[in-house]
Amino acid sequence: MRRLSTTVLLLAALVTGCAPGDPEDTVISCRNDNECGDNEVCFPEGCGDPGKNIRVEVVPDPKGGLYAQDFRVEDLRSEQNIELFDPATLQGQVRVEGASTSSTYSAPVTLRLTGESLLIPGVIRRHETTLTPESSGYSLPVASGRYTVTLLAANPELPPQSTTRDVQPGRAVTLDFTLPVSTSLVRLSGKVVGRDGLPVDVDMEAQALDEALRPLSQRVAVKRATGELTLSLPPSAALLPNVLIQVLPTSAEALVPQKLFNVNPRQGIQEPLSMGDYGLPTTVRGRVKDLEGQPVAQATVYLQGKVGGGGQYSSRRVLTDANGVFEALTLASAIEPMMLHVVPPPSSRAGITLKSLTVPRAGLTLAQEVTCGDRMKVQGTLQLPSGSRPAAGVRVVAEPVAELNGWPRPSYRVEATRPTDDLGRFELALDPGQYRLDFLPADGLPRVSRIVTVRPGEDTPGGVQELSSFTLSKGRRVTGHVSFGGERVMSPAAPYASVRFFRVVDVEGKPSALLLSQTLTDQSGSYSTLLPTR
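Numbered according to the working numbering, the sequence shown spans residues 37 to 570.
In case anyone wonders, no lab produced these hints; they're calculated from the structure.
Don't take every hint at face value.
Straight-line Cα separation of at most 30 Å, DSSO-like style, residue types lysine-lysine; simulated pairs [unchecked claim]:
(1) K391 - K325
(2) K342 - K325
(3) K546 - K510
(4) K391 - K342
(5) K413 - K259
(6) K325 - K259
(7) K413 - K546
(8) K413 - K391
(9) K227 - K391
(10) K325 - K413
(11) K259 - K227
Make the full structure from the sequences, and use the hints.
And the structure:
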C-alpha cells in the first residue's frame, strides 16, 4: 500500500484572542507560548502540539485523470517525501431491474459527484461525467473524498438514483445502480396553468421532490402550448403520503414565479397546477447612497420573496448607475413584504444592505433613498516572530468561508488597500460573514492564517472590530519529492503536481482548515516550500 513516507512541518502559531463582543472573548486559553506546557504552542483554540492536525493535499494531474489525494501527517521532519497511492476509482454496474432478472443498461448516463475532502474540512470535491455503461461495468477515476453520487439517465423518464460513498486514496469503491423497469414507475401527469386557466406562455419545467427536497424525478419540460407534463417517480414513491411538485421557469429572465404543489402520489394530479394570480411585471425604482449621502455606483440590486398566487420569485439582478439609481423589474409582493438586496462593489465603503419592501401591482418608486451602512472595519496588529517589534509590509487578504444566519454569503475576496504600516496595523472593510484572514509577509516569513467571524454593525459598537494582536511565525524550509508508487507506473516522478499543507482547527465548534502553504513540484517531482515553525 502506498503511504506518506515522511512528514512535514508545522503550522502557524496564532496568538489567541477574540473581537470585542464575541462570546469567545471571555474564554481565553492562552495568550502566548510561555503559558503552554512542554512541546506545545499557543493556537487560537488554545495550547496544542504543533505536530498534530496537519494535512497534505496532492493533486498530480487532473487533466490526466490523476486527482487529489489527502494525507494525514504523523511525524514532523524537514524532508517531506510523498509516495502517492494508485488512483482512486468509483466502479460498478448499471442495470435495469426486470420481473425475474436484471440486464445491463447500455444507454448514456451522467454521474454527478459532489462532496468534500475526508481529511480537510471545507475543501470541496466535484466530478461529473457522461458515459455509456458496458457489460463489464463502468470505472471512474476520482479524488479522495466523501460524496453524494447521483446518476441521471439520458432518458428523462427514468428517475435519478442517489447515494453516498467515501473514497479513500488508492481504493476502488464499488457502487452499483439498479434502474427500475418502465412498467413499475409511478407516473404523475397533469397540467400547469396561469391565472386565467390557460397555459403559461414561457418555457417551464417541473420536478418531483420528497419532503426533504430530494429529487424523486428528473426535471422535465412543461409543454408550452398545452401546459401538460408527465413525471416518472420510482416505485417506492407510492408509499409516500405526499410528494412535492416544483414548477419553475427555465430562464431567470422570465417574469414568472416558481411554486411548490403537494400531491398524493396514489391519487395523482387531480386538479391543474395553478400558478395563481401573480400579476403583471412591475417596476421598483430607487437610489442607493452611503452614510455620507454619496451615490453607490455599480451596486447589485435584486428582490426576493413571496408573490401573488403563493409562489416565490427572485428578480433579475441589475446594477446602480453612476448616480446610484436603479430600476428593477419584478412581480408584486404577496401579503408579506419582499426583501430588497443591495450588494455594493468591493471597492465601496458601503456594505450589504437588506430592506423589507411591500411592492404593489402598480409598481413602486422609493420615497426615501436606500442608505447602506459602512462595512465593518476589521482592524488588528501584526508582530514579528520575536513578539517585540511590529510586522510592517504584510499583505492581508480575507477569503469568505461561510455566511451568517440571515445574511447572504459574502461573494468577494477582499485585500487590504495597503500592507501593514510601520506599527504593524492593518484594516479591512468586510460584510457580515466568516472569513479566513491570510497574512502574507514579503520578507521570507511564511504565510499564516486565522478564522474570523465578522458580526453585523449593530452587533458591534462603533462599527469597528478590533482583533487581538497576532504574532507571525518564523519559517522553516521543507523540501521533498512526490512520486508515484507501484510497478505499473512508467515514470515514478510526479511533475508539476500541486501540494498544499493545512492545519485543521476547531472554530466555534466546527472543524475548519487553515492553509499553511501551497506550491508546485518541478519537472522531476521535487518541491520546496516555507512552512511556519509553530
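Right, here's what the structure says about each hint:
1. K391 - K325: holds (14 Å)
2. K342 - K325: holds (27 Å)
3. K546 - K510: Holds, at about 28 Å.
4. K391 - K342: holds (15 Å)
5. K413 - K259: violated (53 Å)
6. K325 - K259: Distance ~45 Å between K325 and K259 Cα, so the pair is violated.
7. K413 - K546: holds (25 Å)
8. K413 - K391: OK: K413 and K391 at ~22 Å, within 30 Å.
9. K227 - K391: violated (36 Å)
10. K325 - K413: holds (19 Å)
11. K259 - K227: Holds, at roughly 9 Å.
In this structure, the earlier hints numbered 5, 6 and 9 are contradicted, and the remaining ones agree with it.
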